[in-house]
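Taken in sequence, the protein lines are chains G and Y.
Under this note's numbering, think of the first position of the first sequence as 1, with each following residue one higher.
Under this note's numbering, think of the first position of the second sequence as 1, with each following residue one higher.
Just to be clear, a hint being listed does not mean it is correct.
[Stated by the list, open to error] Sample of chain Y residues facing chain G (criterion: CB under 8 Å; computed from the structure):
#1 V51
#2 V53
#3 L57
#4 N89
#5 N100
#6 Q108
#7 M138
#8 T146
#9 H150
#10 I167
#11 P175
#12 I177
#13 S178
#14 G179
#15 I180
[To be verified] Here are the computed lysine to aspartate or glutamate pairs in the EDC-like style, where the Cα-Cα straight-line distance is at most 16 Å:
#16 K29(G) to D159(Y)
#17 K5(Y) to D82(Y)
#18 K5(Y) to E21(Y)
#19 K88(Y) to D95(G)
#20 K88(Y) to D11(G)
#21 K110(G) to E66(G)
#22 K88(Y) to D68(G)
#23 K3(Y) to E37(Y)
#24 K26(Y) to D11(G)
#25 K110(G) to E143(G)
#26 K88(Y) to E66(G)
#27 K112(G) to E143(G)
#28 K26(Y) to D8(Y)
#29 K192(Y) to D159(Y)
#30 K192(Y) to D130(Y)
#31 K112(G) to D68(G)
#32 K3(Y) to E55(Y)
#33 K112(G) to E71(G)
The hints are simulated quantities; they were obtained by calculation from the structure and are not laboratory data.
By construction, the Cβ of each residue, glycine as well, lies at the ideal position given by its N, Cα and C atoms.
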Amino acid sequence: MIQNTAQTEADLLAVMTSIAGSSPLDVMKVRMIVEPQAAAVAAANARESDIETIRHAHQMAVISVEKDAFEGWDGEFHKRIFESTRNDFLTTLHDILLAIRSRPQWIELKRKTFSPTRRALYCEEHAAILAAIEVRDAQGASESMRGHMVAVQRNMFGT
Amino acid sequence: MTKLKSGDIATDLRDRVLGGEWAATKVVPNERALSLEYGVARNTIRRAVGVLVAEGLVSRHVGRGTLIGDSLPAAPPAGAKDLVQIIKNLAGTSPLDIMNIRLIIEPQAAAAAAANASASELAAIVEAHDRASATPVMEEFERWDTAFHHSIFAATRNDLLLNLNTILSIIRSQPRISGIRRRGFTEDTRLKTCTQHQAIVTALIARDTDSASEAMRQHLMARSRTLFGASIP
């Protein structure tokens, strides 16, 4: 059994190494699939205390005008939605996507596309996602998140 | 008029902070000004502001006042979790969480495959389906079943999606999870699976993204019911 676990972890390590080099567009497409669903599951599965943590991250993002602070809380907002799904794989999937997006070429891509206008827009979109999760509207949460992802994609890739 | 409580004032102050009323200066008016405005004692204001301090929205600085978003617990653990931890988490994922994540990803993968698959990629999908249909031997069927799903992910042309499916396959091959499948393996469920695969193949060949997605979803929901019982969404 110990051998099995070691083999599983060795196999996973090999895939993770390959994943680190995923293209930004591939990552964006996966986020487009996964994030709206995560928001929907969160609307159904989150505890009230989970929603409180999502709301807190949103509020912090709203008052964080400076770029790095905003991006930190922006990331935290999405992370807490994944954690609220209470699906361990979804939560880990977010960690994986975040690990890819923490690589230098990503940070450069995000830096180039940041602007105060976009920050304000993202905050409005986050508010809509949060509002849907608060009233346990799974479909609304999913649609709001999809709209947000479309905006993020347009900002990063122009499509 | 009843006097405002510190909780009411905290709520109002929070709305004003988030509404950007003091965004230009990033400073909340001092206690004296707020106590006049709300008509309450300075102690009450102090308690209300304390709530916002605890939330991290504002922070108190001697000589500078109450600053908005200044000493934010900045860039919260934004750092990526380390690989070892991610792998440990993955390796221990529950069977039901795996099935639920497949329900999220695979219908979309089938839709992407319907749009993107080349003729040779479609041929690989069809071959895996034919081979799985042709063998009643459990181990061999499992191998082609896995190949069938893998070849659909390969046809999405999204390397990350393909890698995610590989991760799921690795976890699903662990004895603690494959045991569930094997205990439930019968010729009847094998034939049902093949019929469901056929519906997916038909949609893929027709380049019908909606049908491909729906056929995949139906297939996974049927598998979920077989493996975990009817009560699972």
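Check: Can you give the numbers of the hints that this structure goes against, from lowest to highest?
Finding: 1, 2, 7, 8, 9, 12, 13, 14, 15, 17, 18, 22, 24, 25, 26, 27, 28, 29, 32
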